[in-house]
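Participant: Construct all of the structure, not just a fragment, from the sequences and the given hints.
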Amino acid sequence: MDLIKDIMKIDNRSDFGRFQTFLESEILVPDTKNDVFEIVKTEAYISLKKEELMQGKIILRGDLNYNTIYITQDKQVTNLRGKIDINEAIEKEDISSDMKSILLSNIEHIDCSIINERKIKLGCLINITGSLFSREKVDIIRDITGIDDIQTIKKEIYYDDIIGIEKSDTIVKEIINLGENEDISCVLSLNPKILLKETRLSDNKVILGGVVELSPIVLNKEGEMNKLRSNSVEFTQFIEVPGAMQGMKEDSYMNLTDFKFNLKDDDSGKTNLLEIDATVSTKVKISENRVKETLQDAYCPYKDLKLEDKIFNLNKIVNFGEDDFIINEVIQNDKDDIEMKEILNVDSKLFITDTFIIEEKVNIEGIIHVDILYTPEEGLRPVYSMSEEIPFKQSLDLSNINDSMKSYSNIYIDSISYSIQKNEVELKIKGKTRFEVVEDLKNSFVMNGEIIGDIDSSSRPSITIYIAKENDTLWDVAKRYNTTSLEIAQTNDMNEEDSLKEGQYLIIEKKVTLDI
2 MDLIKDIMKI
12 DNRSDFGRFQ
22 TFLESEILVP
32 DTKNDVFEIV
42 KTEAYISLKK
52 EELMQGKIIL
62 RGDLNYNTIY
72 ITQDKQVTNL
82 RGKIDINEAI
92 EKEDISSDMK
102 SILLSNIEHI
112 DCSIINERKI
122 KLGCLINITG
132 SLFSREKVDI
142 IRDITGIDDI
152 QTIKKEIYYD
162 DIIGIEKSDT
172 IVKEIINLGE
182 NEDISCVLSL
192 NPKILLKETR
202 LSDNKVILGG
212 VVELSPIVLN
222 KEGEMNKLRS
232 NSVEFTQFIE
242 VPGAMQGMKE
252 DSYMNLTDFK
262 FNLKDDDSGK
272 TNLLEIDATV
282 STKVKISENR
292 VKETLQDAYC
302 PYKDLKLEDK
312 IFNLNKIVNF
322 GEDDFIINEV
332 IQNDKDDIEM
342 KEILNVDSKL
352 FITDTFIIEE
362 KVNIEGIIHV
372 DILYTPEEGL
382 RPVYSMSEEI
392 PFKQSLDLSN
402 INDSMKSYSN
412 IYIDSISYSI
422 QKNEVELKIK
432 GKTRFEVVED
442 LKNSFVMNGE
452 IIGDIDSSSR
462 PSITIYIAKE
472 NDTLWDVAKR
482 YNTTSLEIAQ
492 TNDMNEEDSL
502 KEGQYLIIEK
512 KVTLDI
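In the numbering used here, the protein residues as written are 2 to 517.
Hints in this document: simulated from the structure, not taken from any laboratory. Treat the hints with care, since some could be wrong.
[To be verified] Quick list of in silico lysine-lysine cross-link-like pairs, DSS-like style, CA-CA up to 27 Å:
hint, residue 1, residue 2
1, K293, K10
2, K168, K58
3, K342, K228
4, K10, K317
5, K76, K228
6, K168, K250
7, K307, K10
8, K168, K433
9, K480, K6
10, K311, K138
11, K101, K317
12, K206, K10
Note that this is a predicted model, so its numbers are computed, not measured.
Facilitator: The following block contains the structure:
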């Protein structure tokens with residue numbers, strides 16, 4: 002008996018869960034900076050630079066890049082930039098070194114307080130979410146040959162094969178003219194954001210189009226604070242993924258991992274040129290739906306076969322894509338005695354608190370934290386800020402899904418438009434949700450087989466009348482009585498493909514082989 006083997010690649014995606022860590026640091030104000038009198042706002046982004054998977058744990062290293070805008074005792078506005086190291090060892094029993102990961106980080110809350118005029122304390126609550134991917138290669142039995150009258154039953158299984166998970170960094174450099182009439186002494190805030198705009202699959206690579214968005218707030222050389230026009234720097238990134246091609250499923254995650262800038266003079270001697278140097282890190286996952294014919298069972302009417310099988314869990318992506326959303330919200334100024342003059346910046350942080358499936362709908366819940374920086378018509382200081390948490394809910398109507406499946410979602414905010422109405426801010430938040438719904442399918446594969454002897458049919462009657470039970474098939478009956486589906490079908494004037502009805506009578510004849 003010959004066992005024809007095949008290699009089966011089994012990919013499994015599992016939810017990383019939610020890991021929270023709180024970073025806290027006391028920061029000394031450099032000698033080149035004025036004393037801190039009042040803190041206006043702290044903005045930040047997370048740069049995860051290293052993910053090292055080990056047995057039972059994952060090591061994360063990176064930075065929290067912060068920018069604190071504050072007011073000095075003489076009512077001047079300035080800022081303080083810096084980095085806080087991120088070094089985390091997250092213990093999880095199901096992690097192994099041969100896995101791959103796609104992890105997402107977001108800031109749930111950030112706060113900055115004054116210890117004294119030369120020292121501040123920064124605290125930041127960070128969420129780490131994402132997915133872990135494992136791969137197992139197993140030898141399965143695809144067919145059995147080399148034995149007469151071998152009966153086999155096969156079926157097609159549908160699953161998703163991960164072609165590759167790859168990471169690549171790209172450098173985005175640009176010199177931006179902030180305005181010919183501007184003469185800038187200091188950049189208070191740029192609030193850099195990365196937006197993924199488009200993706201395209203080509204042979205063995207993924208082509209991504211992204212944008213670095215900047216919202217400059219500056220001080221001119223007269224000490225006046227100005228909001229300048231927003232700038233978008235487009236870039237293209239290529240990531241090599243061997244085996245990738247058009248028509249496959251793509252899932253991409255783009256993050257800012259480093260951002261540097263310098264002010265430069267233009268030809269007339271005015272300081273209005275901004276030179277940026279940004280590092281963008283992107284991970285892509287490429288997968289393809291596969292159909293494989295596998296051996297489910299086998300027997301021989303006159304040989305006793307012993308087959309070993311094993312159940313494996315296979316992932317199948319049943320629905321994926323992206324969906325736009327719009328949130329309209331009105332935020333009331335919490336300072337009744339301060340009338341808003343101009344909004345300098347609206348910053349937002351969005352994090353998902355729950356994702357679940359009910360009645361063919363993926364339901365996503367989360368919170369959008371909005372920070373608004375504005376100047377007053379008149380007040381005790383030149384700039385104020387206010388914050389608001391907006392509950393977020395989105396329901397995606399999808400076909401062919403149920404609550405036993407898993408949904409993986411990622412949300413991006415594309416743009417925020419706003420207007421001042423009396424002492425209220427009307428917000429219009431546009432965003433995009435990328436989702437993937439995965440079904441876990443348990444499949445049994447034949448792993449090995451052997452002949453353990455001959456079948457003795459001498460005591461079996463020449464004719465057996467069998468009454469079919471519920472869910473019986475010709476294959477089941479033929480295997481039980483050491484015959485074939487074809488022989489039963491021919492004896493009972495049926496087709497091999499016919500279904501059996503409960504209570505149906507079958508005549509089963511014993512096949513006798515004579516040696517002459």
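Participant: Hint by hint, note whether the structure agrees.
Facilitator: Structure-based check of each hint:
1. Restraint check for K293 and K10: the C-alpha separation of about 11 Å stays at or below 27 Å, so the hint holds.
2. Between the alpha carbons of K168 and K58 the distance comes to roughly 20 Å, so the proposed pair stays at or under 27 Å and holds.
3. Pair hint K342 plus K228 holds up; C-alpha atoms about 12 Å apart against a cutoff of 27 Å.
4. The straight-line distance between the Cα atoms of K10 and K317 is roughly 13 Å, inside the 27 Å bound, and the hint therefore holds.
5. Our distance criterion of 27 Å between C-alpha atoms is met by K76 and K228, whose separation comes to about 18 Å.
6. Straight-line distance between C-alpha atoms of K168 and K250 comes to about 16 Å, which keeps the hinted pair within the 27 Å bound.
7. The suggested pairing of K307 with K10 holds, with an alpha-carbon distance near 25 Å, which does not exceed 27 Å.
8. Of the supplied pair hints, the one linking K168 and K433 holds, its CA atoms being roughly 22 Å apart against a limit of 27 Å.
9. The suggested pairing of K480 with K6 holds, with an alpha-carbon distance near 23 Å, which does not exceed 27 Å.
10. A C-alpha spacing of about 13 Å is found between K311 and K138, which places the hinted pair at or below 27 Å, so the restraint holds.
11. A C-alpha spacing of about 18 Å is found between K101 and K317, which places the hinted pair at or below 27 Å, so the restraint holds.
12. For the hint linking K206 to K10, the alpha-carbon distance of about 21 Å falls within 27 Å, and the restraint holds.
When the structure is compared with the earlier hints, no violation turns up for any of them.
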